[in-house]
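Now for the letters of each chain:
2 protein chains.
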Amino acid sequence: MTKYTKKDFPVENVRRFLEPGPIVLVSSAHHDQTNIMTMGGHMVMEFSPSLISCLIASGNRSFELIRKSRQCVINVPTVDLATTVVKIGNCSGRDTDKFFEFGLTPKAGTHVRAPLIEQCYANFECTLADAGWVNKYNVFVFEVVKAHVATSPKVPKTIHYRGDGEFMISGAETRKYRRLFKPQML
Amino acid sequence: MTKYTKKDFPVENVRRFLEPGPIVLVSSAHHDQTNIMTMGGHMVMEFSPSLISCLIASGNRSFELIRKSRQCVINVPTVDLATTVVKIGNCSGRDTDKFFEFGLTPKAGTHVRAPLIEQCYANFECTLADAGWVNKYNVFVFEVVKAHVATSPKVPKTIHYRGDGEFMISGAETRKYRRLFKPQML
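One line per chain: the protein sequences are A and B, in this order. Here the first sequence is numbered in the numbering used here, starting from 37 and rising by one per residue. Here the second sequence is numbered in the numbering used here, starting from 37 and rising by one per residue.
No lab work stands behind these hints, which were simulated from the structure alone. Beta carbons are placed, not taken as given, at the ideal position from N, Cα and C, and that holds for glycine. Be aware that a few hints might be false.
[To be verified] Label-pair ranges, simulated between beta-carbon atoms: (1) A:136 - B:167: 44 to 50 Å; (2) B:37 - A:191: 24 to 30 Å; (3) A:189 - B:116: 23 to 29 Å; (4) A:128 - B:100: 21 to 27 Å; (5) A:191 - B:94: 27 to 33 Å; (6) A:191 - B:215: 43 to 49 Å.
[To be verified] With a straight-line Cα cutoff of 25 Å, these simulated PhoX-like cross-link-like pairs (lysine-lysine) come out: (7) B:218 - A:123; (8) B:212 - A:193; (9) B:190 - B:172; (10) A:212 - B:218.
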């Protein structure tokens, strides 16, 4: 697994890594329990405050840990972790300690008790900002209160889910359209 | 521009094209006005009914057309349309007829009055399912009521936005993790 050196990153700019749509790992903690889940559904809602809506099915062990602790960490894994990401999505925290089982390292955050996953490219510490659609749609709105991002590479090779066990791996990066943009519409 | 032949597609499976996170074009119509906007923020919320939440900033001309008509079409463009997608995102429907300006063909849908964009790989006809967060967050929840998808290629080469004028182009597709999946957790 890749070892990343990370630095603080502006929370208002996490769209850089989330808006392209990668599958992410969500880590949580409540009392003496921790868990990790694989999550494909998320959306950047505001830049400042940095609000992200997330779909967390109520059948997941993580649903209760996050609802009760009102915190989580959104971790962005890269393609070298793909097998682990799939396996995490296919077992339950009810009978598996996922950090131990998959050799992942929990790292203390600065703003939340939920552990960061060291092996991921980026870690976004989150607090629950709006629970209004939790019961209705399983949608949590989080505020990213602290972001840690790898210093290299500039952009991660991420994995994107199509459903039915199929993935797309992120491809080429381009800045060539940048000259067409008006700054206020970026 | 690529010319696609399309067929009906199951609405409960539009995640296949939306969950990987491409930037999309949203077309709308109200009375005698039509518009197109570029949208980076969307999330698959439920499969059946097929619910998608979308972020549409209230400053956009499309915001009012969609709020009033309670309909839109989510169109998935491919990389050959990238320049057009960027230009659409950088002008306003207040002073531009975007179909005419960018040589795009409006096509009649079967369930909504908003026009489909013929040159896009997929077109999802949507009706407004929940306006509860429109004023609070500019978030619209749509139900996909009809889906049209190109018969070829199997997966589109899509464009994914990083903010700041930078894009990621979708890369390799893989089914190699499929054997690790439990069907009920797909």
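Which of the listed hints are broken here? The structure breaks hints 4, 6, 9, 10; every other hint is satisfied.
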